[in-house]
Amino acid sequence: ETGVTQTPRHLVMGMTNKKSLKCEQHLGHNAMYWYKQSAKKPLELMFVYNFKEQTENNSVPSRFSPECPNSSHLFLHLHTLQPEDSALYLCASSQDRASGELFFGEGSRLTVL
Amino acid sequence: GESVGLHLPTLSVQEGDNSIINCAYSNSASDYFIWYKQESGKGPQFIIDIRSNMDKRQGQRVTVLLNKTVKHLSLQIAATQPGDSAVYFCAETGGATNKLIFGTGTLLAVQP
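Sequence lines, in order, name chains A and B.
The numbers in the numbering used here rise by one with no breaks, and the one at position 95 of the first sequence is 95.
The numbers in the numbering used here rise by one with no breaks, and the one at position 42 of the second sequence is 1042.
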């Protein structure tokens, strides 16, 4: 138990569907992150939020839309995805943006048909 | 560009042996390095970190060595156990962007 909970753990969606991934952290951290993990590739940083404000968008396509209503919750809204978007999406949190010690959730395995 | 890479994608060791996982980095401005462990079906988990003003740091059964001269990082695991089987990632940060950059990972397989 890392203190970071992601739901759903598995998601299968068609290219025309709209779905959302949810992340919640119980650690009192101020920074939250979305990473994409594909086979045989390094972890790819997608978005960073610090004190609910988006501080980084790593050139992510607009079909991925993050939302951070408060420091404990982070969402990733998905719309008209492509099969190549199939991956493990990891949420993480840290005390603040300067901390390199990230606490990861167990990920949401996304399959786009 | 900046990159973090691993010398060996897969490492197979016998239970009880010591394991050494290596990592090369290219950004000489990086000043903070971290090792993460990712077990099957789980997210990465912080293991140990080291700052650039140190060349060695020890934890419980793990030691991280940093050689800034050749920009090399290693993770040593003593008396490797089956529970150590996982993918190990090194990550670096520092410099102008302060972004955390992950390597591709090394799979450690512990044979009984």
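Just to be clear, a hint being listed does not mean it is correct.
To be verified - No farther apart than 30 Å at their CA atoms in a straight line, the calculated lysine-lysine pairs in the DSS-like style are these: (1) K1056/B <-> K18/A; (2) K18/A <-> K40/A; (3) K1068/B <-> K40/A; (4) K1042/B <-> K18/A; (5) K18/A <-> K52/A; (6) K52/A <-> K19/A; (7) K1071/B <-> K19/A; (8) K36/A <-> K19/A; (9) K18/A <-> K1068/B; (10) K19/A <-> K41/A; (11) K1056/B <-> K40/A; (12) K19/A <-> K1056/B; (13) K52/A <-> K1099/B; (14) K1056/B <-> K52/A; (15) K1042/B <-> K36/A; (16) K36/A <-> K52/A; (17) K1099/B <-> K1068/B; (18) K41/A <-> K52/A; (19) K1099/B <-> K22/A; (20) K19/A <-> K1042/B; (21) K1042/B <-> K40/A; (22) K1099/B <-> K36/A; (23) K52/A <-> K1068/B; (24) K22/A <-> K1071/B; (25) K1068/B <-> K19/A; (26) K1056/B <-> K1042/B; (27) K1099/B <-> K1042/B; (28) K1056/B <-> K1068/B; (29) K1099/B <-> K19/A; (30) K1068/B <-> K22/A; (31) K52/A <-> K1071/B.
Hints are computed from structural coordinates only; laboratory data are not their basis.
Here is how each hint holds up against the structure:
Between the alpha carbons of K1056/B and K18/A the distance comes to roughly 48 Å, so the proposed pair goes past 30 Å and is violated. Distance check on the hinted pair: K18/A and K40/A sit about 27 Å apart at the alpha-carbon level, within 30 Å; holds. In summary, the hint linking K1068/B to K40/A is supported, as the alpha carbons are separated by about 27 Å, within the 30 Å threshold. Taken as a hint, the K1042/B and K18/A pair is honoured in the structure, with Cα atoms around 25 Å apart against an allowance of 30 Å.
Restraint check: the Cα-Cα separation between K18/A and K52/A comes to about 23 Å, which is no more than 30 Å; the hinted pair holds. A threshold of 30 Å between alpha carbons decides the hint, and for K52/A with K19/A the separation of about 21 Å falls inside it, so the pair holds. Straight-line distance between C-alpha atoms of K1071/B and K19/A comes to about 43 Å, which puts the hinted pair past the 30 Å bound. About 16 Å separates the Cα atoms of K36/A and K19/A, which keeps this hinted pair within 30 Å; it holds.
Among the hinted pairs, K18/A with K1068/B is inconsistent with the structure: their alpha-carbon atoms are about 47 Å apart, more than 30 Å. At roughly 25 Å between alpha-carbon atoms, K19/A and K41/A fall within 30 Å of each other, so this suggested pair holds. For a cut-off of 30 Å, the pair hint linking K1056/B to K40/A stands: about 29 Å separates their Cα positions. In summary, the hint linking K19/A to K1056/B is not supported, as the alpha carbons are separated by about 46 Å, beyond the 30 Å threshold.
A distance of roughly 18 Å separates the Cα atoms of K52/A and K1099/B; the hinted pair therefore holds under the 30 Å criterion. With a C-alpha separation of about 36 Å, the suggested pair K1056/B and K52/A falls outside the 30 Å cut-off, and the hint is violated. Restraint check for K1042/B and K36/A: satisfied, since their Cα atoms lie roughly 14 Å apart, inside the 30 Å limit. Of the supplied pair hints, the one linking K36/A and K52/A holds, its CA atoms being roughly 20 Å apart against a limit of 30 Å.
Taking the CA atoms of K1099/B and K1068/B, the gap is near 19 Å; set against the 30 Å cutoff, the hint holds. Distance hint between K41/A and K52/A is fulfilled; the C-alpha atoms sit about 28 Å from each other, no more than 30 Å. For the proposed pair K1099/B and K22/A, the alpha carbon gap of about 24 Å is at most 30 Å, so the pair holds. Only pairs whose Cα atoms come within 30 Å are accepted, and K19/A paired with K1042/B is accepted, the gap being roughly 22 Å.
Distance hint between K1042/B and K40/A is fulfilled; the C-alpha atoms sit about 16 Å from each other, no more than 30 Å. For the given pair, K1099/B sits about 15 Å from K36/A by alpha-carbon distance, which is consistent with the 30 Å threshold. In summary, the hint linking K52/A to K1068/B is not supported, as the alpha carbons are separated by about 36 Å, beyond the 30 Å threshold. For the given pair, K22/A sits about 38 Å from K1071/B by alpha-carbon distance, which is inconsistent with the 30 Å threshold.
Taking the CA atoms of K1068/B and K19/A, the gap is near 45 Å; set against the 30 Å cutoff, the hint is violated. For the hint linking K1056/B to K1042/B, the alpha-carbon distance of about 28 Å falls within 30 Å, and the restraint holds. For the hint linking K1099/B to K1042/B, the alpha-carbon distance of about 23 Å falls within 30 Å, and the restraint holds. For a cut-off of 30 Å, the pair hint linking K1056/B to K1068/B stands: about 11 Å separates their Cα positions.
Restraint check for K1099/B and K19/A: satisfied, since their Cα atoms lie roughly 29 Å apart, inside the 30 Å limit. This hinted pair does not check out: K1068/B and K22/A have alpha carbons roughly 40 Å apart, beyond 30 Å. For the hint linking K52/A to K1071/B, the alpha-carbon distance of about 35 Å lies beyond 30 Å, and the restraint is violated.
Going down the numbered hints, you'll see the structure goes against 1, 7, 9, 12, 14, 23, 24, 25, 30, 31, while the others check out.
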